[in-house]
Amino acid sequence: MISVLVLALIGVGAVVATGFYLKSVESDIERLDAFDGIPEETRPEVVEAGALNMLILGSDSRDPESTGGSRADTIILAHVPKDRSGAQLVSIPRDTWVSVPRTKEGRGGRDAKINAAYAWGGLPLMVQTVEQYTKVRIDHVLMVDFAGFTEIIDALGGIEVNSEKKFTSIHPPFRTFEQGRQRMDGATALDFSRQRKQFADGDFTRIKHQQQVIKAILDKAASGGILTNPSNLNSFVRATSSAVSVDKDMSLVDMAMDLRGLRGNDLTFMTNPTKGTGRVGSESVVFDDSDKAADFYDAVRRDSVKEILNLGK
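Reading the sequence shown from the start, the letters are residues 23 to 335 in the numbering used here.
Treat the hints loosely; a few may be bogus.
Cut-off 27 Å, straight-line C-alpha distance, at most; resulting in silico cross-link-like pairs (DSS-like, lysine-lysine) [unchecked claim]:
| # | residue 1 | residue 2 |
| --- | --- | --- |
| 1 | K157 | K314 |
| 2 | K230 | K187 |
| 3 | K314 | K135 |
| 4 | K335 | K230 |
| 5 | K314 | K328 |
| 6 | K270 | K157 |
| 7 | K297 | K230 |
| 8 | K219 | K335 |
| 9 | K297 | K219 |
| 10 | K230 | K157 |
| 11 | K297 | K157 |
| 12 | K219 | K188 |
| 13 | K104 | K237 |
| 14 | K297 | K314 |
| 15 | K157 | K135 |
| 16 | K237 | K335 |
| 17 | K230 | K135 |
| 18 | K187 | K335 |
| 19 | K242 | K230 |
| 20 | K314 | K230 |
Taking CB as the label site, the calculated pair distances span [as the list claims (entries may be wrong)]:
| # | residue 1 | residue 2 | range |
| --- | --- | --- | --- |
| 21 | A209 | D317 | 40 to 48 Å |
| 22 | D133 | R65 | 18 to 26 Å |
| 23 | K104 | G202 | 36 to 44 Å |
| 24 | S46 | G128 | 39 to 47 Å |
| 25 | K104 | E305 | 35 to 43 Å |
These aren't lab readings, by the way, just hints derived from the structure by calculation. Even glycine gets a Cβ: it sits at the ideal position worked out from N, Cα and C.
Work out the full structure, taking the sequences as your base and the hints as a guide.
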């Protein structure tokens, strides 16, 4: 999720930094084999040339609730329209029940929670699963370690986030978040974005909190003095780049310049159309609204932003 911010902010930073600096930042970012082994005949066709679809995956390597293993805790399909007027970020709950393709090693090949694809086949199977589910061709993949939130936010001098109600964190040091708008440092914002068990809709609230934090970071970075302070800008960009990995074909410099006009108000956050939660055997899962999802992702394929926004309500 923070990767969308990286691309936008590096582009804005280009006003005060040189191309050589941006290239040095890009060289420090880890590259991923995101599309290796995906049969081309299984991939969706490009419907609207010029539009951009990015798969953004987030994990939390220091999550207090982590029990080990590879997980994709946060899954976002980011659609940037051809005219670059904004971006629509669609969160797909990690427990969404979908069909996972079978790998050459024989893993998958059955219905499961969508984040099982990453555990079974890494990035290529995750890409293949999302493409099969949405019928949207993925152009680029970004991975973010949310533990890096702390350094990024602290480099900005903190952010302001609005909490819908008062609640207490279930993780040490058991912070209490007051209702209303409040300033958060990096550790506090990360704690806020992890909470879910205190809310009736659980992971859906966690998704909402993460979206709030992303928007707050982008707004603070774009409106504060960081862009005219080379030292602060460097700290911010370096902290962000250390938390991000991208596919081998992505040029962050080129894309950053392409997206340099984006601000928080240009981002629309949505959630994959769902019917709610339920159980499949012993597993608690999220069931999608298949009819609405089909119409929604058809609009994404066609780059029909008006329809995307209407169907995403």
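Tested hints:
Note on K157 and K314: the hinted pairing holds, with a Cα-Cα distance of about 14 Å set against a maximum of 27 Å. Of the pairs offered as hints, the one joining K230 and K187 holds, with about 13 Å between alpha carbons and a cut-off of 27 Å not exceeded. This hinted pair checks out: K314 and K135 have alpha carbons roughly 19 Å apart, not beyond 27 Å. Under the criterion of a C-alpha separation no larger than 27 Å, the hint pairing K335 with K230 is consistent with the structure, at around 14 Å.
Distance hint between K314 and K328 is fulfilled; the C-alpha atoms sit about 15 Å from each other, no more than 27 Å. Note on K270 and K157: the hinted pairing holds, with a Cα-Cα distance of about 23 Å set against a maximum of 27 Å. As the CA atoms of K297 and K230 are separated by approximately 17 Å, the hinted pair is consistent with the 27 Å bound. At most 27 Å may separate the alpha-carbon atoms for a hinted pair to count; K219 and K335 meet this at roughly 25 Å.
Restraint check: the Cα-Cα separation between K297 and K219 comes to about 20 Å, which is no more than 27 Å; the hinted pair holds. Taking the CA atoms of K230 and K157, the gap is near 25 Å; set against the 27 Å cutoff, the hint holds. At most 27 Å may separate the alpha-carbon atoms for a hinted pair to count; K297 and K157 meet this at roughly 20 Å. Simply put, K219 and K188 have alpha-carbon atoms about 14 Å apart, close enough for the 27 Å limit, and the pair holds.
The suggested pairing of K104 with K237 holds, with an alpha-carbon distance near 22 Å, which does not exceed 27 Å. Restraint check for K297 and K314: satisfied, since their Cα atoms lie roughly 10 Å apart, inside the 27 Å limit. At roughly 18 Å between alpha-carbon atoms, K157 and K135 fall within 27 Å of each other, so this suggested pair holds. Distance restraint check for K237 and K335: the Cα-Cα separation of roughly 18 Å lies within the 27 Å cut-off, and the hinted pair is therefore satisfied.
Our distance criterion of 27 Å between C-alpha atoms is met by K230 and K135, whose separation comes to about 20 Å. Only pairs whose Cα atoms come within 27 Å are accepted, and K187 paired with K335 is accepted, the gap being roughly 23 Å. Between the alpha carbons of K242 and K230 the distance comes to roughly 18 Å, so the proposed pair stays at or under 27 Å and holds. Pair hint K314 plus K230 holds up; C-alpha atoms about 21 Å apart against a cutoff of 27 Å.
Under the hint 40 to 48 Å, the C-beta atoms of A209 and D317, about 41 Å apart, fit the expected range. A hinted range of 18 to 26 Å for the beta carbons of D133 and R65 is consistent with their spacing of about 21 Å. Restraint check, K104 to G202: a C-beta distance of roughly 39 Å satisfies the suggested window 36 to 44 Å. Checked against the given bound of 39 to 47 Å, the beta carbons of S46 and G128, roughly 43 Å apart, stay inside it.
Checked against the given bound of 35 to 43 Å, the beta carbons of K104 and E305, roughly 39 Å apart, stay inside it.
This entry satisfies every hint, going by the numbered hints stated previously.
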